[in-house]
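A.B. asks: Once you have looked at the hints, place chain B on chain A.
Protein chains: 2
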Amino acid sequence: MALKSYLLTPGPTPVPERIALAMAQPILHHRAPAFEKLFAQVREDLKWLFQTKQDVLVFLSSGTGAMEGAVTNFLRRGDKAIVVNGGKFGERWGKILKAYGVEPIELKVEWGRAVEPAQVAKALEQHPDAKAVYVQASESSTGVAHPVKEICALTRDRPNTLTVVDAISALGAFDLPMDAWGMDVLLSGSQKALMLPPGLAFAAASEKAWKMAETSDLPRFYFNWKKEREMQAKNQTNYTPAVSLIVGLAEVLRWLKEDGLEKTFRRHERMSLAARAAVTALGMKLYTDSPSMALTTVIAPEGIDTDKLVKVLRDRYGVTLVGGQDQAKGKIFRIAHLGYFDEFDICTAITAIERALADMGAKVELGKGVGAAMRSFAETA
Amino acid sequence: MALKSYLLTPGPTPVPERIALAMAQPILHHRAPAFEKLFAQVREDLKWLFQTKQDVLVFLSSGTGAMEGAVTNFLRRGDKAIVVNGGKFGERWGKILKAYGVEPIELKVEWGRAVEPAQVAKALEQHPDAKAVYVQASESSTGVAHPVKEICALTRDRPNTLTVVDAISALGAFDLPMDAWGMDVLLSGSQKALMLPPGLAFAAASEKAWKMAETSDLPRFYFNWKKEREMQAKNQTNYTPAVSLIVGLAEVLRWLKEDGLEKTFRRHERMSLAARAAVTALGMKLYTDSPSMALTTVIAPEGIDTDKLVKVLRDRYGVTLVGGQDQAKGKIFRIAHLGYFDEFDICTAITAIERALADMGAKVELGKGVGAAMRSFAETA
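If you read the protein sequences in the order shown, they are chains A and B.
Everything in the first sequence is counted per the UniProt record's numbering, starting at 1 for the first residue and increasing by one.
Everything in the second sequence is counted per the UniProt record's numbering, starting at 1 for the first residue and increasing by one.
Since the hints were made in silico from the structure, they are not lab data.
There could be a bad hint or two in this list.
Intra- or inter-copy, both count: the list cannot distinguish identical chains.
Stated by the list, open to error - Mimicking BS3-like on lysine-lysine, the simulated pairs with C-alpha atoms at most 27 Å apart in a straight line are:
#1 LYS226 <-> LYS331
#2 LYS131 <-> LYS98
#3 LYS211 <-> LYS263
#4 LYS208 <-> LYS131
#5 LYS234 <-> LYS331
#6 LYS98 <-> LYS80
#7 LYS4 <-> LYS80
#8 LYS208 <-> LYS331
Isolated chain A, as found in the complex (with noise of 0.2 Å):
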């Protein structure tokens, strides 16, 4: 009998059994109405996810097909912007920017940190041509939450400066209230606390930023939002849309109203504060002090490799969460509780890094992390 599966990474993340079912029915042809009227739905509920009165668009690619279109549909070839890197995902953006032509002016952010809002209240006034600031709510390769509240109130009254808020793996994990912050543009993704398969992105966007849109001369095709906007509010697509995910997207909608946003957050919230006091009293460090609520990143004892450690949990138990990447490869690892998660998920991955730590030879005593787990769970009930 193989190992049974455990999937803790920052994306993909488990599908529920009723939404995978529900995706598994008989296929939808999209220019059907049973197609428009759901979408519709979806689209309404989408809006009540992102905390906005704006559209929410709907395109079929990974997350980064969705930050391509938050540069290619706003700015200007030539223009510059602000990109906080602190991270892949910041790093991203820099890249995006310069393959259209874009200057990207980057605030380098220690791994780990947060971005500071005075750091891009200073960018912000050494460049003030700047049109936008491109950020990440929650960073996956560092676990960092930016504080995006804060950088919108820097970008609010500044008419050609807009904030543009990555929340691919943040959105339906914490608050992050569209409208009443103030982003110009808010993107997430499928398969994150939408507990969906990839393939869905999802973009709004606010006046401000459809009036930049105007005159912005960047090429798109694809990711053209505009023209998408013009037909999703007739409850189709341009393109042929990802019809078994939107079904998916349904249900995950409906469940999610269900509960309310607070629950959902409060959710999440309860696992990262248990898989937090799990790792410390297990005397190992975070890697943030400013933790995202959709995954801990935990510095590893010393002597203990993380690629190996991922190995040794996913081999060995079945475990599957990921290690660091670039700077932090083989020192940190991340535990990501972002979606369809209990506590006893939290637990059984709490478990299995301890077994794995003392199967390498940490000095481990079996049961202290889960025990501060579940004590935190208890707290948080």
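C.D. replies: For chain B alone, kept in the frame of chain A given last:
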């Protein structure tokens, strides 16, 4: 009890139950060895399907994303390219080219007709600097198969002109041997003959095309084929792939390989011949004299509005097929038999069409069409 549902559209096409259930399995992480192993096999099997030695790249997008990439990865701003425009998808090539500052030389072809190779030859003479010929193997809006082999013969010896073939609704339905015919770029998608939900696009390029890619200067990021080629050579993708669809694709390809290409093409041909026999027996005319094996396009009897026919078929009989677009709107209907169909599916569709036409007051001898289809199937068995 709701109507049973029958889907006969040129994409999405029905997903076989066993494939739908394979995709409902617990989700894989795309950076884990289990995915890499699966993807390595998929990449091999796609070469077999494309009949090429080249790498077949897998993208998370609809087919249009691959069409865009087939422009942005090979051309330069200000280039000229010949476009065969005899339908909605041919028209799309021109729109993509313009969006990226490439000048389309449009060969307007009457809807329902295939382009004459002589037309392409003449355009190549008049525009020897044209960098590519863009064409559909099967133009879904008209049901026309264009002469891909003959067009390839025209560009084969021109070192600076590519033939780019959109086989999104053709690959797997009829023979399109990429290397043998000398195609430079060949595209396909998941939701057609590959019997999967929408979400995957495929693309392969010849040595000549990859060489031209070196001097291309159009901007691209998500659809950067060169970077994808490098990454996919390691059985990985740059951005999160549609893991669940790739699991389904692995199953589909295994299945198709069991049958072999010849049998698969023959299966589509039999559906096509039977559908044509049926509608002809009912006194209707085919819309094209160069029919694609992917779908049969039919001119409705005098006085029958096909938009209404489609509605009657759907609402009264549970059969979803599509009518005509633009200039063919109301005039034609399209019976797709692409992917997971057997002879009884075709007979059901014909039966429903007979019933719906009779309901609408057309002169129909019930059973005449389905009898002709059955005879055709018996003859080609």
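A.B. asks: Of the hints given before, which are not true for this structure?
C.D. replies: Of the numbered hints given earlier, those the structure breaks are 1, 3, 7, 8, listed in rising order.
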